[in-house]
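> Sequence:
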Amino acid sequence: MKIENKKCKIINRKRVCVAVWVGGLESASKIGTIQSVSVCECVCVWVTMATATEGTETNDDGARPWQSYHTVYTTAKAGMDGVDKEKVQRTVYEMSKGSKYFQNEERKDAFITQKIDKLRTQCDKLTQADLSHFQKVADRRILELEALRDLSRIWLHVDMDAFYAAVETLSNPTLKGKPMAVGSMSMISTANYEARKFGVRAAMPGFIARKLCPELIFVPTDFKKYTHYSDLTRTVFRRYDPNFMAASLDEAYLDITEVCKRRNIKSEEIAEELRTSVYEETGLTCSAGVAPNRLLAKVCSDINKPNGQYVLPNDRMAVMTFISSLPIRKIGGIGKVTEHILKAVFGINTCEQMLEKASYLCALFSQSTADFFFSVGLGLGKTDSPEVRFRKSISNERTFSATEDEVLLYKKLAELAEILSTDMQKEGLCGRTLTLKLKTSSFEVRTRAMTLRKYISSREDILKHASELLKAELPLSVRLIGLRMSHFDGDKYGGSTSNPKQKTITDFIASVDADRNHFLPDVADHDFVSHTETNVSIGSCQTSRDSADGNHSSDVNCQSGTGWSSEEIQTSGNNASCSNYGQVKEAVESTFPIQGQFEDTSTLNLSNLLDDERLSSCEDKTMLWLNDYKCSLCGIELPPSFVEERLEHSDFHLAEKLQKEESRIHQRTSVSSRSWDQKNRITRESISKKQKLSQKEGSYRPIDYFFLLKSNKNRPS
DNA sequence: GCGGATCAC
DNA sequence: TATGGTGATCCGC
Numbered sequence: 144m145k146i147e148n149k150k151c152k153i154i155n156r157k158r159v160c161v162a163v164w165v166g167g168l169e170s171a172s173k174i175g176t177i178q179s180v181s182v183c184e185c186v187c188v189w190v191t192m193a194t195a196t197e198g199t200e201t202n203d204d205g206a207r208p209w210q211s212y213h214t215v216y217t218t219a220k221a222g223m224d225g226v227d228k229e230k231v232q233r234t235v236y237e238m239s240k241g242s243k244y245f246q247n248e249e250r251k252d253a254f255i256t257q258k259i260d261k262l263r264t265q266c267d268k269l270t271q272a273d274l275s276h277f278q279k280v281a282d283r284r285i286l287e288l289e290a291l292r293d294l295s296r297i298w299l300h301v302d303m304d305a306f307y308a309a310v311e312t313l314s315n316p317t318l319k320g321k322p323m324a325v326g327s328m329s330m331i332s333t334a335n336y337e338a339r340k341f342g343v344r345a346a347m348p349g350f351i352a353r354k355l356c357p358e359l360i361f362v363p364t365d366f367k368k369y370t371h372y373s374d375l376t377r378t379v380f381r382r383y384d385p386n387f388m389a390a391s392l393d394e395a396y397l398d399i400t401e402v403c404k405r406r407n408i409k410s411e412e413i414a415e416e417l418r419t420s421v422y423e424e425t426g427l428t429c430s431a432g433v434a435p436n437r438l439l440a441k442v443c444s445d446i447n448k449p450n451g452q453y454v455l456p457n458d459r460m461a462v463m464t465f466i467s468s469l470p471i472r473k474i475g476g477i478g479k480v481t482e483h484i485l486k487a488v489f490g491i492n493t494c495e496q497m498l499e500k501a502s503y504l505c506a507l508f509s510q511s512t513a514d515f516f517f518s519v520g521l522g523l524g525k526t527d528s529p530e531v532r533f534r535k536s537i538s539n540e541r542t543f544s545a546t547e548d549e550v551l552l553y554k555k556l557a558e559l560a561e562i563l564s565t566d567m568q569k570e571g572l573c574g575r576t577l578t579l580k581l582k583t584s585s586f587e588v589r590t591r592a593m594t595l596r597k598y599i600s601s602r603e604d605i606l607k608h609a610s611e612l613l614k615a616e617l618p619l620s621v622r623l624i625g626l627r628m629s630h631f632d633g634d635k636y637g638g639s640t641s642n643p644k645q646k647t648i649t650d651f652i653a654s655v656d657a658d659r660n661h662f663l664p665d666v667a668d669h670d671f672v673s674h675t676e677t678n679v680s681i682g683s684c685q686t687s688r689d690s691a692d693g694n695h696s697s698d699v700n701c702q703s704g705t706g707w708s709s710e711e712i713q714t715s716g717n718n719a720s721c722s723n724y725g726q727v728k729e730a731v732e733s734t735f736p737i738q739g740q741f742e743d744t745s746t747l748n749l750s751n752l753l754d755d756e757r758l759s760s761c762e763d764k765t766m767l768w769l770n771d772y773k774c775s776l777c778g779i780e781l782p783p784s785f786v787e788e789r790l791e792h793s794d795f796h797l798a799e800k801l802q803k804e805e806s807r808i809h810q811r812t813s814v815s816s817r818s819w820d821q822k823n824r825i826t827r828e829s830i831s832k833k834q835k836l837s838q839k840e841g842s843y844r845p846i847d848y849f850f851l852l853k854s855n856k857n858r859p860s
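Quick note, the working numbering runs 143 ahead of the 1-based positions in the first sequence.
Derived by calculation from the structure, the hints in this document are not laboratory data. Nothing here was measured: the structure is a model prediction, and the numbers come from that model. Yeah, the Cβ is synthetic: ideal placement off N, Cα and C, and Gly gets one too. Take these hints with a grain of salt, some might be off.
Said to hold, decoys possible - DMTMM-like, lysine to aspartate or glutamate: derived pairs with alpha carbons at most 20 Å apart:
(1) K582 x D365
(2) K268 x D252
(3) K607 x E540
Claimed, not checked - Ranges of calculated distance between the beta carbons of each label pair, as one might list FRET restraints:
(4) T270 x P385: 21 to 31 Å
(5) T542 x I408: 22 to 32 Å
(6) S620 x M593: 21 to 31 Å
(7) K569 x S327: 45 to 55 Å
(8) E424 x G241: 24 to 34 Å
(9) N247 x T270: 38 to 48 Å
Produce the entire structure from the sequences given, and follow the hints as far as they go.
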């Protein structure tokens, strides 16, 4: 096996090889074991590999097509040591090749490739001047983030080992020692360690798993059982941190700072004791990671899995050493796609390289995205005790064998509406945004949403509106239907004026400084921006988003080409669904009789009311850019290549001017404040970028308008 | 507000 | 034969 890009960090001249990781483009896996180390001994050896060249076979052309089929199955999960990845990759490829699922994966891959090409082009366009500018910006930002480092808390992440599989083995000891997977032939939830040796793992279809391991035993999922054992583990967690954060049935974060202090013992002992208690009280083993923040604790709990632990001390040097050569894929929030892009465009494999490429990251991504990447490079993460979190949506979806049968589809929709309504009423929820999700037989996913005037929760209301949404998509061959309700009654984040930061011009201009006071670096903030149009760090008015750890998204959406296929456009042009609708409705109502008449509660479209309310385009070019970067009016920095942003910024100053003039006129004509407020409110609710580009000289815009354009994307919807 | 997409478990 | 379900978040319209 050829090893490239070797890294070895040693402190105190003690050469202790505690861990070795091997990884390619998509993955990195541990091939060694980590030993417990103290602060002064903290040594990590991570090896990242570009390619594995041993034991590979080629076909007649010398090509290895399976290598380009990117699955998540070979990513480094615990218990995958010594797996013949090449064989797994090849088997997965052979079993998938040509299927509709496979074709869809190829389609998605093509979009990512486009995205990568685009980013590369943007990279090439950057001049030396641009780069040196962004280097300065990045350096400053990194210093600011560093200043926020908090080493005062001790976080522990517990992760149950192969939880579902372990529970099943408890209730059926004959499974012990045999390769076993929880799930079905279509999908596996988790696999025990014996099965993992064959490359079987969670999220893998069962039929592929069986190919990899013919003697694999399948056990159906039983959530009642898992919930019961989960409750037992939580009883233990509560003793160490009454406010622990449950991340899922089998994972939790505990702030053990206080318990360490109170009992005057090391975090390491707490971790040992906790794991022993869990084992004694449940019969299940778990792994633990201890670190100064949740992001690192999560990484640490994976290091000595299963049934082990790893402590990263609250010491900056130890953290930096630990993080420096850590493969980025180990970080929660960096998934398959993000890893691929960062590697392909910037050559970034390790967390350390996030800082080395800081100027590029700063130039090509939004501030929040760049902040996240820098935080990763610095080993920063959340340390706060989480506030109460409210549910923002509730949903259910079902997969079935693909069908075009509309009667059947409406019947399934009715069943989903029934379940959704029941679930909502259990939690006392009423919502006004209903989203229909469809997955076509070719695995394309579509969502269609409507926002109502009224909050609803009844089965009848949900089904009525869901049926409207579905009707508009038929005919269509569908393999999954889902319903989601959001925008709940009393949802404090639901309103369009809820962001307290969307207030003043001062906030807008001083956004970066303002962020420094409010924004805690967090793994949640790492969203990609597709192109330079919106990627500049000015005025992007960071909101302090609160997101559960380990639940982050990165959007690398390529905006062009994600529409329907031409074939589908053609087939959906006829009105076959109309002739079926009566029959379908009958079928639905016979299954779930609907009382009363349908009432018209179609979506209120505020923007229709505002067709006249167009924004004047700013042609004011009098503003100066000092040194080609700095705005002469407010000092904000923008390089020459950011044409759109500069224009937008000029618009902002013009609007500011207009508003001053306008307010003078208002004073003279004594317009009532009430009408001003109304106008302002409606405008804020109906802003779109398209309107910004329309022209109507002299029309009035409140200054909030411009602020919203920038901050809109950060506001929870 | 909508739709596509990523990510985690 | 055959590739899940739930929830969150973000970006670009």
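> Now tell me if each hint is right for this structure.
Each hint, compared with the structure:
This hinted pair does not check out: K582 and D365 have alpha carbons roughly 26 Å apart, beyond 20 Å. Our distance criterion of 20 Å between C-alpha atoms is broken by K268 and D252, whose separation comes to about 24 Å. Restraint check for K607 and E540: the C-alpha separation of about 17 Å stays at or below 20 Å, so the hint holds. Distance hint for T270 and P385: a CB-CB separation of about 56 Å, inconsistent with the stated range 21 to 31 Å.
Hint check: T542 to I408, Cβ distance near 49 Å, so the stated range 22 to 32 Å is violated. Separation of S620 from M593 is about 23 Å and conforms to the stated range, judged on CB atoms against 21 to 31 Å. Separation of K569 from S327 is about 27 Å and departs from the stated range, judged on CB atoms against 45 to 55 Å. Under the hint 24 to 34 Å, the C-beta atoms of E424 and G241, about 49 Å apart, miss the expected range.
Between N247 and T270 the C-beta distance comes to about 39 Å, which sits within the given range of 38 to 48 Å.
Violated hints, listed in ascending order, are 1, 2, 4, 5, 7, 8; each of the other numbered hints is respected by the structure.
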